[in-house]
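Starting from the known structure of chain G, fit chain F onto it as the hints suggest.
These protein sequences, in sequence, are chains G and F.
Counting from 1, one number per residue, gives the positions in the first sequence under full-length UniProt numbering.
Counting from 1, one number per residue, gives the positions in the second sequence under full-length UniProt numbering.
Please keep in mind that the hints were generated in silico from the structure rather than gathered at the bench.
Just so you know, even glycine gets a beta-carbon here, dropped at the ideal spot from N, CA and C.
Ranges between beta-carbon positions, derived for each pair:
#, chain 1, residue 1, chain 2, residue 2, range
1, F, Tyr123, G, Gly213, 24 to 34 Å
2, G, Ala436, F, Ser130, 40 to 50 Å
3, G, Asn201, F, His66, 38 to 48 Å
4, G, Ser74, F, Tyr123, 38 to 48 Å
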Amino acid sequence: MASLIICCFLVVLFSACHEVSSTSDQLCIEKEANKTYNCENLGLSEIPETLPNTTEFLEFSFNFLPTIQNTTFSRLIDLTFLDLTRCQINWIHDDTFQSHHQLSTLILTGNPLIFMAETAFNGPKSLKHLFLIQTGISSLEFIPPHNLENLESLHLGSNHISSIKLPNDFPAGNLKVLDFQNNAIHYFSREDVNSLKQATNLSLNFNGNDIKGIEPGAFSSQFFQSLNFGGTRDLSVIFSGLRNSTIQSLWLGTFEDIDNQYLSSATFQGLCDTSVESINLQKHHFSDFSSTTFRCFAQLQNLDLTATHLQELPSGIEGMNSLKKLVLNVNKFDQLCQINAANFPSLTHLYVKGNMKKLHLGTGCLEKLENLQKLDLSHSGIEASDCCNLQLKNLPRLQSLNLSYNELIGFQREAFQACPQLEILDLSFTHLHVSAPQSPFQNLHHLKILNLSHSFLDTSNQLLLAGLPDLRHLNLQGNRFQDGSIPKNNLLQTVGSLEILVLSSSDLLSIDQQAFHSLDKMSHVDLSHNNLTSNSIDALSHLKGIYLNLAANAIGIISPHLLSILSQQSTINLSHNPLDCTCSNIHFLTWYKENLQKLEDLEETVCANPPSLQGVQLSDVRLSCGITPVGILFLTVFFLLVSILLIFAIKFFLRWKYQHI
Amino acid sequence: MNGLAAALLVWTLISPSGGGHGGRGDMWPTHVACRNEGLEVFYQSCDPLQDFGFSVDQCSRKLQPHLSIRFGIILREDIRELFLDVLLLSKGASVLNFSYPICEDDLPKFSFCGRRKGEQVYYAGPVDNSSFDVPEGEYQVLLKLYNENHSTVACANVTVIAS
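So that you can see chain G by itself, here it is in the shape it has in the complex (with noise of 0.2 Å):
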């Protein structure tokens, strides 16, 4: 019988832990105090009563609430974005948002809606965003119309509508974003698109609907900022059907899964009588690519041609003088000399990134490019012997050059005279050859941001950056330094101007004390992932007000003459170091707790020494060290103590041994 008393005892008292652990379990995730509240995948069934009156904020995915009326958010009234994504809701009944006027943003999204109340979006002053994606509409007249004026955008993917026709009494006025994707939409009547005319300045999106038919004139003296037709097979009934229309953007790209169409210069036939600023094409196969493909084009300010299976362009192509940008990344040219440059003489972007073959840069290819001032080149296996000025030669306003993610490219002195107005250049991740002693950026008068990250650098070249007056922000990460350190004379001796300076992940053991004396006007230094120790951070002694990352280096203990460098800056990083907790760092982690305004990280910021405190955050060390005058009290009291009794022991020993005598 006591057995099972026990028994039924610890029953439950198992039971009553359990319960413990499970509504902590269902805790909401605080972001911002009183505001902002993460409530995701915890199954509730309402809204727990540990959020505040206050929220604004609440992201309320993945629980389940089949039916929300009035009562289900009435304590919340500040509610100014509300995601109720996959919550199972069934039914939105009358007034469900009655007291919610600052609500802003409404997610739905994924929910199998039966029915929503005429009443159901009563109550904001100003609903701006609507998601009813993937919620089982088949027709727009499911949407309650009523208190939406204010809508901004309204997202419908997902659904089973074939018409996009507005109801009459839905109110359009303030729409600008109005999405479609991936419904059943196969063909628009003048009456579709004339419901649409309340809205100015609207971006439509029927991706994923395969377009099949448009009504002659259906679009006509109409504008748009963006049409998306993703996906649709034949891109001819959207030329014609569009025709008369002003439209900022098209995207008419098509994707991996969908059955090529071959698109040849009659599909294009409809884009003469068409205002259009930019085209997207990508993945989409050229029939007959000849001079003429794009003669429909002339007003054309933006073409993308993304992983158009383009091996080269025809030389002689007839209206696109006033193409501006052009990308034809993920193409597969050999020769840079294969896009014909000469075709747009008014380009200022060209985007040539992920070549799929090694891409040879030629000599001259660009030349007759005048006025680009971008050209990225990325990840497009380049190797060049000896860049660039041959290669650019004549951009003399080129701004923003991008080589990064290639093989191998050699630099002699001033590689760059051919573009002389450069101010950013990225060779991140690209395997530099600098024979010593060369300077090969020499002369980039108004060069401002250098990446150099992992580009194999030979870093004892003290000349390397010569020639950059202007240049503020250097990123030197993932470079070695002769025996992980920086001396006193150095590479960054150069740049004065410099600002912010990236040295991390370099494996650097030491820097020298002198090392960045001449670099007076920097605010952000990033040291973090090296083998560096406390005396490193003499070499910042001349920099006050800095971003300093120390972050993931050998930093054990800092001695005090070091901490004053330290107050001098404004935020340091200083987590992921095998800190020492123990009395001989006693004056760095005072300083710790009375700077801790300064500090960034203080989670990852913790003690690796003793081992009792491995893993303890370092604002929560409490250390005594030294004596306190209480312990001083008792110590002397001791030896008083001890004293006495010596001198009496010796008493009676004496007395003792000359008894006998």
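Frame of chain G; chain F shown alone:
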């Protein structure tokens, strides 16, 4: 009497994990992605929040290019950008490790790119793999799909047995 008490105790100890919602903390079942003479592929979801469905249409040790797959999942994150990490292990040693973009802002490769958190996605179509002969042996593959914020979209422990 004692037996009853013990049973009661055991039940209380076990019940919270068994009766909890969604079976969280449990392992998801192992599914067969394809099985044929010579090649067997099993997978198990390693996303603690949910399982997913996956199958490969043709299954042979001589993998054909542009394999057709079927894939069904509920998105827990937006996939405006989506990346795949693959880690291939043979006998516990890492053989191959690569990362591949599936959806990018400037190149959405597949029609499902850009779909939103909460959407149920079913994809039946090709993947752009190259042809490949699977050498005999047993392989472990760790697949991870994640978005631009490094939030997990799907995670799978795959076992491939080629005999």
